[in-house]
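Working from the sequences, and respecting the hints, build out all of it.
Letter by letter, the chains look like this.
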Amino acid sequence: MRLWGKEKINEQQLIEGCINGDRRMQEEFYKVFSPRMFPICLRYANDYYQAEDMLQEGFIRAYANLQKFRNEGSFEGWMKRIFINTAIEGYRKNLVMNNMLEVEDMKNDLVQQDDFHHLSASDLIKMVQRLSPGYRTVFNLYAIEGYAHQEIADMLGINIGTSKSQLARARYLLQKMVLNSQKIQKYAAVL
Amino acid sequence: MPLSSEKHIIDKKFKEGLEHYKLQASGKVWQRISGSLSTEEKRGSNRQRILALALLLLFLGTGTLVITTGNRTGKNKIEKSKTEKQLITGTENTTTALSQAGSDTRKDASVKE
Numbered sequence: 001m002r003l004w005g006k007e008k009i010n011e012q013q014l015i016e017g018c019i020n021g022d023r024r025m026q027e028e029f030y031k032v033f034s035p036r037m038f039p040i041c042l043r044y045a046n047d048y049y050q051a052e053d054m055l056q057e058g059f060i061r062a063y064a065n066l067q068k069f070r071n072e073g074s075f076e077g078w079m080k081r082i083f084i085n086t087a088i089e090g091y092r093k094n095l096v097m098n099n100m101l102e103v104e105d106m107k108n109d110l111v112q113q114d115d116f117h118h119l120s121a122s123d124l125i126k127m128v129q130r131l132s133p134g135y136r137t138v139f140n141l142y143a144i145e146g147y148a149h150q151e152i153a154d155m156l157g158i159n160i161g162t163s164k165s166q167l168a169r170a171r172y173l174l175q176k177m178v179l180n181s182q183k184i185q186k187y188a189a190v191l
Numbered sequence: 192m193p194l195s196s197e198k199h200i201i202d203k204k205f206k207e208g209l210e211h212y213k214l215q216a217s218g219k220v221w222q223r224i225s226g227s228l229s230t231e232e233k234r235g236s237n238r239q240r241i242l243a244l245a246l247l248l249l250f251l252g253t254g255t256l257v258i259t260t261g262n263r264t265g266k267n268k269i270e271k272s273k274t275e276k277q278l279i280t281g282t283e284n285t286t287t288a289l290s291q292a293g294s295d296t297r298k299d300a301s302v303k304e
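Those protein sequences? They're chains A and B, same order as listed.
For the first sequence, position 95 matches number 95 in the working numbering, and the numbering has no gaps at all.
Just add 191 to the spot in the second sequence (first one is 1) and you have the working numbering.
Hints were generated in silico from the structure; no laboratory data involved.
Ideal placement from N, C-alpha and C gives every residue a C-beta, glycine not left out.
Check each hint, because a few of them may be wrong.
Listing some non-contacts, in silico: residues in chain B with all C-beta distances to chain A over 10 Å [stated by the list, open to error]:
id : residue
1  : Gln239
2  : Gly281
3  : Thr282
4  : Ala292
5  : Lys298
Some residues of chain B that are not near chain A, with every Cβ distance over 12 Å (derived) [unchecked claim]:
id : residue
6  : Gly235
7  : Arg238
8  : Leu248
9  : Leu249
10 : Lys266
11 : Glu283
12 : Thr285
13 : Thr287
Cut-off 20 Å, straight-line C-alpha distance, at most; resulting in silico cross-link-like pairs (SDA-like, lysine to any residue) [said to hold, decoys possible]:
id : chain 1 : residue 1 : chain 2 : residue 2
14 : B       : Lys233    : A       : Val32
15 : B       : Lys219    : A       : Val32
16 : B       : Lys213    : A       : Ser74
Right under this line is the structure:
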């Protein structure tokens, strides 16, 4: 429920208003959902500007498809799927999957719980953005969104082995980034 | 969307840190979205106009065709009924003439007798 002028409007009213083409409702809908959808775009994009383009594209798709929402599951979940599909669609054809490294070659126990204390959400997003699109997409889909490797393989048109190796490589690189940022933090504290 | 059973520390920490993170994009994104929606609406209304015009033309065309065909059929019917009338009138005249001739012959025969 959100206050809009003197009226109280709920999610259903917002959706109906958007379907009817009410521009004020569409703007309100954007204000409600963009803070939740923009971080998703940031996680999949190379940078802030690409994330803004994804956000714009995702909202236009959402407005065009709102009448297809059947109240099965949460509306936010439905919105997230639109934005994830928008994000990965651009990459699907151009994803370069480096399948050269074996999963076993990489150590996966480099970091501990305490190594994350100094990191904000913004820091974590920047680390994810530094991954190559292939690693980033698989990591996001598996670790954050919770898709299984088979689903990721189907979504991206790759095989399960590739998905697993991309994830392992992404984890390895992220661990190194976390450790590096910790070193920088300690060094800055000494100075 | 099944959740993975494996909980790697990296997965866990990044998920915790980012899952509920909220961030507002710059105001220009809404302006761009609004502009795109207006363009789409214009395209939509143009499509509706074209469709309405096409339907109108189809309706007028069909109407004209029906009227023209109807007129032709009507004319044909009138001509046909005229011909039929003429034929009937002609037959009646012939019958009258024949019966007239028959009665004249009978009159002549009685006069001779």
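Examine each Cβ of chain A, and state whether all of them lie more than 10 Å from the Cβ of B/Gln239. Consistent with the label, B/Gln239 stays out of reach of chain A, its closest Cβ about 13 Å off (over 10 Å).
Can we trust that B/Lys298 is non-interface, i.e. its beta-carbon lies farther than 10 Å from all of chain A? Holds: least Cβ distance 97 Å, greater than 10 Å.
Holds or violated: B/Lys213 with A/Ser74, Cα cutoff 20 Å? Given pair B/Lys213, A/Ser74 holds - Cα atoms ~18 Å apart, limit 20 Å.
Going by Cβ atoms, does B/Thr287 stay more than 12 Å from chain A at every point? holds, 81 Å
Check on B/Gly235 being off the interface with chain A, judged by Cβ distance over 12 Å: Contrary to the label, B/Gly235 does not stay out of reach of chain A, its closest Cβ about 9 Å off (not over 12 Å).
Compute the least Cβ-Cβ separation between B/Arg238 and chain A, then decide whether it is above 12 Å. holds, 14 Å
B/Gly281 and chain A, when compared Cβ to Cβ, separated by more than 10 Å: Holds: least Cβ distance 73 Å, greater than 10 Å.
Assertion that B/Leu248 lies farther than 12 Å from chain A (Cβ): Consistent with the label, B/Leu248 stays out of reach of chain A, its closest Cβ about 28 Å off (over 12 Å).
Take a quick look at B/Ala292 and tell me if its Cβ sits farther than 10 Å from every Cβ on chain A, holds or violated. Label holds. Min Cβ-Cβ 89 Å, cutoff 10 Å.
Verify that the Cβ of B/Glu283 lies farther than 12 Å from every Cβ atom of chain A, and report whether the claim holds or is violated. Consistent with the label, B/Glu283 stays out of reach of chain A, its closest Cβ about 75 Å off (over 12 Å).
B/Thr285 and chain A, when compared Cβ to Cβ, separated by more than 12 Å: The claim stands: B/Thr285 keeps its Cβ more than 12 Å from every Cβ of chain A (closest is about 79 Å).
Reported absence of B/Lys266 from the contact zone with chain A (all CB gaps over 12 Å): The assertion about B/Lys266 holds, with a minimum of 53 Å to chain A.
When the structure is compared with the earlier hints, violations turn up for hints 6 and 14 and for no others.
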